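Peer 1: Sequence:
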Amino acid sequence: MKIAVLRETAAGERRVAASPETVKKYKALGAQVAVEAGAGVGAAVADQAFADAGAAIGDRGEVLADADIVLVVQTPAPESLSGLKPGAWIIGQANPFGERARIERYAAIGAEMLAMEWMPRITRAQSMDVLSSQSNLAGYKAVLDAAHEYDRAFPMMMTAAGTVSAARVFVMGVGVAGLQAIATARRLGAQVSATDVRPATREQILSLGAKPVFVENVAGIEGEGSGGYASEMSDDYKAAQAALVSSHIAKQDIVITTALIPGRPAPRLISDAQVASMKPGSVIVDLAVEQGGNVEGAVAGEIVERHGVKIVGHRNVPSRLAADASALFARNLFNFLSAFWDKEAGHPVLDAEIGDAIRLTQGGRIVHPRLLTDVV
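For the sequence shown, numbering that gives the first Met the number 0 assigns the number 0 to the initial residue and increments by one for each residue that follows.
These are calculated hints, taken from the structure and not from any lab test. Check each hint, because a few of them may be wrong.
Stated by the list, open to error - Straight-line distance between alpha carbons at most 27 Å, and here's what the computed DSSO-like set of lysine-lysine pairs gives:
hint, residue 1, residue 2
1, Lys84, Lys23
2, Lys278, Lys210
3, Lys342, Lys309
4, Lys210, Lys309
5, Lys278, Lys250
6, Lys250, Lys237
7, Lys84, Lys1
8, Lys26, Lys342
9, Lys1, Lys23
10, Lys250, Lys210
11, Lys342, Lys24
12, Lys26, Lys1
13, Lys237, Lys278
14, Lys210, Lys237
Source: prediction; values computed, not measured.
I would like the entire structure built from these sequences, with the hints used as guidance.
Peer 2: Written as structure tokens, this is what we have:
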């Protein structure tokens, strides 16, 4: 059983899908590990560190030769996998809805694509959940990015010259990223409030010392979709939420938006008029900018200014903390493979619950039910 670890080729991607720690663990399972030269440079992991852990270092062709499993952070172009044997697993983030044509090409070359972002949110898969580990870091980094762009202090400061008021931070969307954003802003001394469409998050917000801001008295709105994600809201709820946010957001110094709905564009949470209501010098960080954005006027990969308010739209925020993001991502992948490792067979054997949830292609065709409706 040979495991290949590739150097990422996506623009701005600095992470790597394995670490010296996980290389040693794969070796202990009996696997061979080959790492493409330079794979860890962006995450501050030298080739020698991988070699010292027991990996062979080579160019892409050498690494892919006879590989049974290929580990990546973001799936590369199938054309870059020349020499990959049919039936090999490619494990990483596949962006199934956004990269449909690429997935069809994976099927055409006979690869078995396993999309880690579709890992079911069940108890036994928590340690395999790359979305949670990466979102946690994204929520933390969003607050740091906001603090960098904000020209004032976060905590209240009392000096002989007078008092500096604490920054007011409003977090919209209380998933993993949102919760970490709340905690980080609180640690920095900000006055924090937060909102979500899921009433169950109220207690989580309170537990972190923040103020919950929720739409009240709108019947029939639960906000809880499958797997713990938010679902699409009714028009009544959207109108009530817009009114609530408009009154609250004008008083905020920093807003961080994190709302995503799987398989759909990110919901629009902040309008241009709401941006205009904020004080000059305020900052908005849109963590959903790559999926269309929660904020009107946000631009992926840019920091733009509208009405005196900075709107931060960094791409691939976890990659901005590449060393820690890589270490966590690598552990997620190892936890996944080791959980299904069959010692007698010498390779992992997936069960139906998880295998069917993340397997996109097999036997030369697309097999995932969520993609089959669009297959021609």
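Peer 1: It remains to establish, for every hint, whether it holds in the given structure.
Peer 2: Here's how the hints hold up against the structure:
Distance hint between lysine 84 and lysine 23 is fulfilled; the C-alpha atoms sit about 25 Å from each other, no more than 27 Å. This hinted pair checks out: lysine 278 and lysine 210 have alpha carbons roughly 21 Å apart, not beyond 27 Å. The hinted pair formed by lysine 342 and lysine 309 fails the criterion: a straight-line CA distance of about 54 Å is larger than 27 Å. At most 27 Å may separate the alpha-carbon atoms for a hinted pair to count; lysine 210 and lysine 309 meet this at roughly 24 Å.
A distance of roughly 8 Å separates the Cα atoms of lysine 278 and lysine 250; the hinted pair therefore holds under the 27 Å criterion. For the proposed pair lysine 250 and lysine 237, the alpha carbon gap of about 20 Å is at most 27 Å, so the pair holds. Among the hinted pairs, lysine 84 with lysine 1 is consistent with the structure: their alpha-carbon atoms are about 12 Å apart, no more than 27 Å. Distance check on the hinted pair: lysine 26 and lysine 342 sit about 13 Å apart at the alpha-carbon level, within 27 Å; holds.
Proximity of lysine 1 to lysine 23 is assessed by CA-CA distance (about 14 Å); at most 27 Å being required, the pair is judged to hold. Distance check on the hinted pair: lysine 250 and lysine 210 sit about 14 Å apart at the alpha-carbon level, within 27 Å; holds. The suggested pairing of lysine 342 with lysine 24 holds, with an alpha-carbon distance near 14 Å, which does not exceed 27 Å. With a C-alpha separation of about 10 Å, the suggested pairing of lysine 26 with lysine 1 holds against the 27 Å cut-off.
A C-alpha spacing of about 24 Å is found between lysine 237 and lysine 278, which places the hinted pair at or below 27 Å, so the restraint holds. Note on lysine 210 and lysine 237: the hinted pairing holds, with a Cα-Cα distance of about 21 Å set against a maximum of 27 Å.
Of the numbered hints listed earlier, the single one contradicted by the structure is hint 3.
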